[in-house]
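Listed in order, the protein sequences are those of chains P and F.
Its first residue numbered 1, the first sequence is counted upward by one per residue in UniProt numbering.
Its first residue numbered 1, the second sequence is counted upward by one per residue in UniProt numbering.
None of these hints come from the bench; they were simulated from the model.
Values in this document were obtained by computation on a predicted structure and should not be read as measured data.
Each residue gets a CB set at the ideal place from its N, CA and C atoms; glycine is no exception.
There could be a bad hint or two in this list.
[Unchecked claim] DEER-style ranges, computed between Cβ atoms:
1) F:Gly160 to P:Ser181: 47 to 55 Å
2) P:Ile245 to F:Glu67: 40 to 48 Å
3) F:Glu236 to P:Ala169: 45 to 53 Å
4) P:Pro247 to F:Glu164: 37 to 45 Å
5) F:Arg215 to P:Arg91: 36 to 44 Å
6) F:Ser9 to P:Arg150: 50 to 58 Å
7) P:Val244 to F:Leu64: 46 to 54 Å
8) P:Ser181 to F:Asp221: 47 to 55 Å
9) F:Asp221 to P:Pro94: 35 to 43 Å
[To be verified] Derived contacts from chain F toward chain P, CB cut-off under 10 Å, selection only:
10) His49
11) Ala93
12) Arg139
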Amino acid sequence: MPKISWRRLAGGGERRWGMLGLAAVVALWEMGHSAYGDFVLPSPLSTLAALGRLASDGDLLPAIVTTMRDALSGFLAATLAGSVLGGLAGRSMPVRAMLQPTATMLIGVPAIAWVVLSLLWFGGSGLAATFSVAVAAGPVVFAAATQGTRTVDGGLRTMARAFRVPLGAVIVDVYLPHVLSYLLPALGTALAMSWKVAVMAELLSGAGGIGDGLAAARAEVDTAKTMAWVIVVVALLLVVDRLVIEPVRRHFETWRRGLPGETA
Amino acid sequence: MSDGALAASGITRGFSGAKVLHAVDLSVPKGGVLAILGPSGSGKTTLLHILGGLLRPDAGHVELPFERPAFVFQDPLLLPWRTARGNVAFGLAGRRLSRAERLARARSMLVKVGLGHSEAGLYPHQLSGGMKKRVALARALVIEPDLLLLDEAFSALDVGLSREMQQLVRLDAQERGVTVVLVTHDLSEAVRLADEAVVLSGRPGRIVTRLSIDRPSRLRDDAFVEEEIRRIAGQEAIRDAFRPTLSG
């Protein structure tokens, strides 16, 4: 996956190195293609061509819409439930003691098992994908929110109490900025996980989406089409990460500029 | 005790089994300034937190007839993700003011503590220790408190600056009749600002002696302060109180 170098693309001075890394991957890909032939590894160009065919056939857009709906609805549910419950668990020992073993257990369940279970529970409806995503990503968010809330500086809480600051302002100004430094990286991970699980669920359910497209490509033994779908998933993930997570991260972390260990 | 006085009686407090304060009685009339002196570990900060309503005493009673208490803590306790101006404005978070009004008040209070426009936009990690202390002081003064609790508020400042800040607190307190309780190691700070002082000592801490400084604080010049320090430091009870720290 060229994901890491893609991240660097927006890194200003590192841009050139990122491009170089990507170019190396494409070159290796091309070499692999000439060594093993079209069936095992279609060339980058024929993958692009397959992608173009998907678009012109009208398969691409509905699949993207469906997968986005599946992944983002599950991600949203995971974020809401995970951060609210995690926040409560961070503040209250009984809640934490009650929820943490459950969260650990849920993390241990393989995502594919959730997909199978939710297909049995919800059938082929879109709800199966949403549920699988939420239950797979939720515990990740929960763990980060708990840890973030637990480690809020007690001195700052005392200070807020001394100035009789209302609860709303305490949450927004004392808790949130600290918790976000734990939560945002976890949300990035949860988002990536959401796409993967959503595609997995679609592949098995056959109710549309990129996963369904992958299943079709597999049935047709069309490697170029398969790789085209992979490119679509990665591109979607990057676009959403850049458009949603990254601006939030930048907005909340401006204060870190100039801290030791942070780039200015 | 009535008429808006701060009164505490029989204050006893422990932490995880170890008693820190034993049967402390004190009162500060409205608009009065009390200094709490004593060696480290004698429970000064604990007493201040009890007087500010941040800690409950295990036994005893505190009367706190105040609406707007303000604290300057030993550590500045600034929000790392807010600028100096934002931190001062945070003191006003409970007030029904527009955001612009809060920030405007914060800005003018920062000027009073000697921090100008360029510093107001800096984050705490970009400020020096003394600047952070002054931001914390501005955060306390901006709410126009009726009770001001200062825990070593002037200790990280150099001499000139600390005198200036003391002056600021004294004028502000006198103008608005603020009740002030300050914890300090520094006898000269107490002599400059306080009407009365109590000395805490021992483990658990108890009041070993009480002092009063009669001359109005605006009339205390350097000569008076020096002479008063010599007089107080000469007292047997004071020497005894500070002896444990001196010998080890």
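Here is what the structure says about each hint:
no., hint, verdict
1, F:Gly160 to P:Ser181: 47 to 55 Å, "violated (38 Å)"
2, P:Ile245 to F:Glu67: 40 to 48 Å, "holds (43 Å)"
3, F:Glu236 to P:Ala169: 45 to 53 Å, "holds (50 Å)"
4, P:Pro247 to F:Glu164: 37 to 45 Å, "holds (43 Å)"
5, F:Arg215 to P:Arg91: 36 to 44 Å, "violated (50 Å)"
6, F:Ser9 to P:Arg150: 50 to 58 Å, "violated (37 Å)"
7, P:Val244 to F:Leu64: 46 to 54 Å, "holds (47 Å)"
8, P:Ser181 to F:Asp221: 47 to 55 Å, "holds (51 Å)"
9, F:Asp221 to P:Pro94: 35 to 43 Å, "violated (60 Å)"
10, His49, "holds (8 Å)"
11, Ala93, "holds (4 Å)"
12, Arg139, "holds (8 Å)"
Hints 1, 5, 6 and 9 from the earlier list are contradicted by this structure; the remaining hints agree with it.
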